[in-house]
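The listed protein sequences correspond, in order, to chains A and B. Residue numbering for the first sequence follows the numbering used here, starting at 1 and increasing by one per position. Residue numbering for the second sequence follows the numbering used here, starting at 111 and increasing by one per position.
Misleading hints may appear alongside valid ones.
Claimed, not checked - Capping the alpha-carbon separation at 27 Å, the derived lysine-lysine pairs in DSSO-like fashion look like this:
| no. | chain 1 | residue 1 | chain 2 | residue 2 |
| --- | --- | --- | --- | --- |
| 1 | B | Lys174 | A | Lys22 |
| 2 | A | Lys42 | B | Lys151 |
| 3 | A | Lys37 | B | Lys151 |
| 4 | B | Lys174 | A | Lys42 |
| 5 | A | Lys37 | A | Lys58 |
| 6 | B | Lys174 | B | Lys124 |
| 7 | B | Lys130 | A | Lys42 |
| 8 | A | Lys42 | B | Lys176 |
As the list claims (entries may be wrong) - Counterexamples of contact, computed for chain B against chain A with all Cβ distances above 12 Å:
| no. | residue |
| --- | --- |
| 9 | Cys123 |
| 10 | Val129 |
| 11 | Asp175 |
| 12 | Thr188 |
Keep in mind the hints are simulated off the structure, nothing from the lab. C-beta: ideal position from N, C-alpha, C; glycine also.
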Amino acid sequence: GENVEQHPSTLSVQEGDSAVIKCTYSDSASNYFPWYKQELGKGPQLIIDIRSNVGEKKDQRIAVTLNKTAKHFSLHITETQPEDSAVYFCAGNTGNQFYFGTGTSLTVIP
Amino acid sequence: GAVVSQHPSRVICKSGTSVKIECRSLDFQATTMFWYRQFPKQSLMLMATSNEGSKATYEQGVEKDKFLINHASLTLSTLTVTSAHPEDSSFYICSAPPGAGYQETQYFGPGTRLLVL
Numbered sequence: 001g002e003n004v005e006q007h008p009s010t011l012s013v014q015e016g017d018s019a020v021i022k023c024t025y026s027d028s029a030s031n032y033f034p035w036y037k038q039e040l041g042k043g044p045q046l047i048i049d050i051r052s053n054v055g056e057k058k059d060q061r062i063a064v065t066l067n068k069t070a071k072h073f074s075l076h077i078t079e080t081q082p083e084d085s086a087v088y089f090c091a092g093n094t095g096n097q098f099y100f101g102t103g104t105s106l107t108v109i110p
Numbered sequence: 111g112a113v114v115s116q117h118p119s120r121v122i123c124k125s126g127t128s129v130k131i132e133c134r135s136l137d138f139q140a141t142t143m144f145w146y147r148q149f150p151k152q153s154l155m156l157m158a159t160s161n162e163g164s165k166a167t168y169e170q171g172v173e174k175d176k177f178l179i180n181h182a183s184l185t186l187s188t189l190t191v192t193s194a195h196p197e198d199s200s201f202y203i204c205s206a207p208p209g210a211g212y213q214e215t216q217y218f219g220p221g222t223r224l225l226v227l
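Required output: the full structure, derived from the provided sequences and hints.
As structure tokens, this is what we get:
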């Protein structure tokens, strides 16, 4: 099955700075890579996703890049705000099953 | 996005009792739903795939007789934790793809916090 690794496990940034979270995957057949934001005590919320036929996708302050050759993808959050503080999970798929990274706890310092 | 609900949001039970958790797709039909378990400060671990009208598929190490899954309709899957013990205390989350043509995307429910005393 798929093995997804995520770094860093914790990340603190000043408000207004950028945050970058990186993931690597093992299954070259994986073709869908979502990113989820999870606030304390809540279920994960999809914030952005990318399919393997695209190298980059952007949605306002959030962007994701994918390097299929190197099997890694990254989440970029620009102009961070305190409400961006949460745990972020990446995932890769094998068919319709997701395999999640270990999560990154992001703290945005006002 | 598609909406997935769970009920209850929080449950406390005595050791040895059974607990049922419901997962509903509110504005779409889901032939497949997924059940995850999440321990504090850890990632989501897939427990099983719930298939409408057929048996669930369990991940390795997950006891199918302890975690009973029933997907009786296209909008409802239930997870029953039988003879619950304190080590079953966890955050249980379901997810579902929003429909045909978007099978890769999953939307998650808000989760159910189970505490077994």
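Evaluation of the provided hints:
{"no.": "1", "hint": "B/Lys174 - A/Lys22", "result": "35 Å, violated"}
{"no.": "2", "hint": "A/Lys42 - B/Lys151", "result": "13 Å, holds"}
{"no.": "3", "hint": "A/Lys37 - B/Lys151", "result": "14 Å, holds"}
{"no.": "4", "hint": "B/Lys174 - A/Lys42", "result": "26 Å, holds"}
{"no.": "5", "hint": "A/Lys37 - A/Lys58", "result": "16 Å, holds"}
{"no.": "6", "hint": "B/Lys174 - B/Lys124", "result": "21 Å, holds"}
{"no.": "7", "hint": "B/Lys130 - A/Lys42", "result": "19 Å, holds"}
{"no.": "8", "hint": "A/Lys42 - B/Lys176", "result": "25 Å, holds"}
{"no.": "9", "hint": "Cys123", "result": "19 Å, holds"}
{"no.": "10", "hint": "Val129", "result": "18 Å, holds"}
{"no.": "11", "hint": "Asp175", "result": "22 Å, holds"}
{"no.": "12", "hint": "Thr188", "result": "17 Å, holds"}
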